[in-house]
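K.L.:
Start from the sequences and build out the full structure, keeping to the hints where you can.
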Amino acid sequence: MTETSSQPVPQKSKQNLFQQLELDMRLLGMIGAFIVLCIGFNIVTDGRFLTSRNLFNLSIQTVSVAIMACGMVFIIVMRHIDLSVGALLATTSAVMAMTQTELLPNMLGMGLNNPATWAITLVVGLAVGTLIGAFQGWMIGYLTIPAFIVTLGGFLVWRNVAWYMTDGQTIGPLDSTFLMFGGTNGTLGTTASLLFGLAATAAAIWALWSARRSKAAHGFPVKPVWAETTLAGIISIAIMGYVFIVNSYAIPTRRLERMFEARGEIMPEGLVVGYGIPISVLILILVAVTLTVVARKTRFGRYIFATGGNPDAAELSGINTRMMTVKIFALMGFLCALSAVVASARLANHSNDIGTLDELRVIAAAVIGGTALSGGLGTIYGAILGALIMQALQSGMAMVGVDAPFQNIVVGAVLVLAVYIDIVYRKRLGAK
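Note that my numbering has the sequence shown beginning at 1, numbered continuously upward.
Just so you know, these hints were derived from the structure itself, not from any lab. It is possible that part of the hints are untrue.
As the list claims (entries may be wrong) - Lysine to any residue pairs mimicking SDA-like chemistry, simulated, CA-CA at most 20 Å apart:
{"#": "1", "residue 1": "Lys-297", "residue 2": "Ala-211"}
{"#": "2", "residue 1": "Lys-297", "residue 2": "Ile-285"}
{"#": "3", "residue 1": "Lys-297", "residue 2": "Ile-319"}
Claimed, not checked - Computed beta-carbon distance windows for the label pairs:
{"#": "4", "residue 1": "Pro-221", "residue 2": "Phe-260", "range": "52 to 60 Å"}
{"#": "5", "residue 1": "Asn-408", "residue 2": "Gly-32", "range": "19 to 27 Å"}
{"#": "6", "residue 1": "Thr-298", "residue 2": "Ala-238", "range": "20 to 28 Å"}
{"#": "7", "residue 1": "Pro-105", "residue 2": "Asn-408", "range": "34 to 42 Å"}
{"#": "8", "residue 1": "Thr-298", "residue 2": "Ser-52", "range": "32 to 40 Å"}
Beta carbons: idealized from backbone N, C-alpha and C, even for Gly.
P.N.:
See the structure below:
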């Protein structure tokens with residue numbers, strides 16, 4: 001049966017607006033908290049927080065933690081934890097920095113800015129991260145050492161491995177193409193960003209319509225047309241609003257002049273060019289879409305949530321929970337290495353303290369985003385929104401002039417509060 005058939009499509013008999021829109025009340029609360037944070041910081045900073053420049057910087061600062069938070073969702077859903085993500089980021093960052101500055105020039109005679117340098121660097125870094133993650137997953141899954149202990153050991157081991165690899169020194173400069181993955185050094189530009197925004201909007205609307213037709217074809221109740229249209233409008237405004245913001249942030253004149261000089265050209269007088277969408281944000285979008293599809297549409301994703309919901313039942317049903325553990329920690333290692341690419345490219349070097357306290361931020365982002373510490377529940381988009389809230393909180397406090405130690409106190413308190421709210425929220429859902 002389809003919507004175009006003579007038989008009526010079942011409509012959902014909901015009472016209030018939010019129920020008809022099928023919006024997650026927890027998600028709405030997170031969005032509301034983010035909006036309140038932005039407005040509050042904008043007031044106390046005399047309008048400096050909600051500028052295109054700050055929002056652009058906020059987005060590229062969020063990416064590294066958000067990528068790892070996506071992987072942490074799968075880890076926590078399977079009732080594990082990973083305390084080594086920041087240290088693993090540091091190790092893979094050191095590996096990639098040394099590959100560019102020492103390994104390739106000395107062994108293959110390939111210096112910085114060689115067309116193949118950045119590609120080889122990425123392959124080496126991602127492979128090392130994946131292998132380390134898989135090794136930790138093997139110890140957890142097959143040696144049955146608790147994840148807390150294995151990754152706590154990893155927190156100490158990998159942070160100091162990174163220090164020994166670089167002798168505690170900052171390594172730079174890095175390959176110019178590699179730096180494009182960091183943010184300001186690599187963007188789509190205004191025209192390509194506008195086209196991407198239009199394409200993303202069209203894809204989102206198509207996905208909503210396709211899901212509606214699929215439900216109707218199988219006889220499931222669907223939302224009213226006005227509710228679908230409202231959701232499509234909200235998503236479209238969010239996408240195109242972000243494109244407008246990043247396109248509005250103009251490249252500084254002196255930087256633009258240097259870009260023209262590098263091409264042997266003279267910049268036209270009075271030229272204004274916007275940055276557009278950062279490549280690092282595109283990487284985050286790709287990760288988010290891929291992992292969401294994995295979670296919802298693949299056997300691997302179903303096994304993750306089944307194992308987290310009831311490990312014993314999952315094992316009895318034939319799921320190899322040990323190998324699943326190896327796979328999700330290997331995925332986490334891969335994402336840590338990918339985050340290292342973004343973080344080191346944004347800083348334009350590898351520093352000894354890169355990734356410090358990212359363990360706290362990543363776990364907090366996943367939990368604030370609705371991932372249940374008891375396992376079995378979590379969403380990728382929730383983790384990204386949690387990372388954005390965490391970064392907005394820290395950036396706002398920095399702009400106000402709050403000391404770094406107190407910022408960490410606030411982040412720790414927010415983490416505890418988020419867990420408490422999650423417990424209360426789920427108890428109320430259970431009561432219903």
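K.L.:
Determine which of the earlier numbered hints do not hold for this structure and return their numbers in increasing order.
P.N.:
Nothing - there is no hint that the structure violates, so all of them hold.
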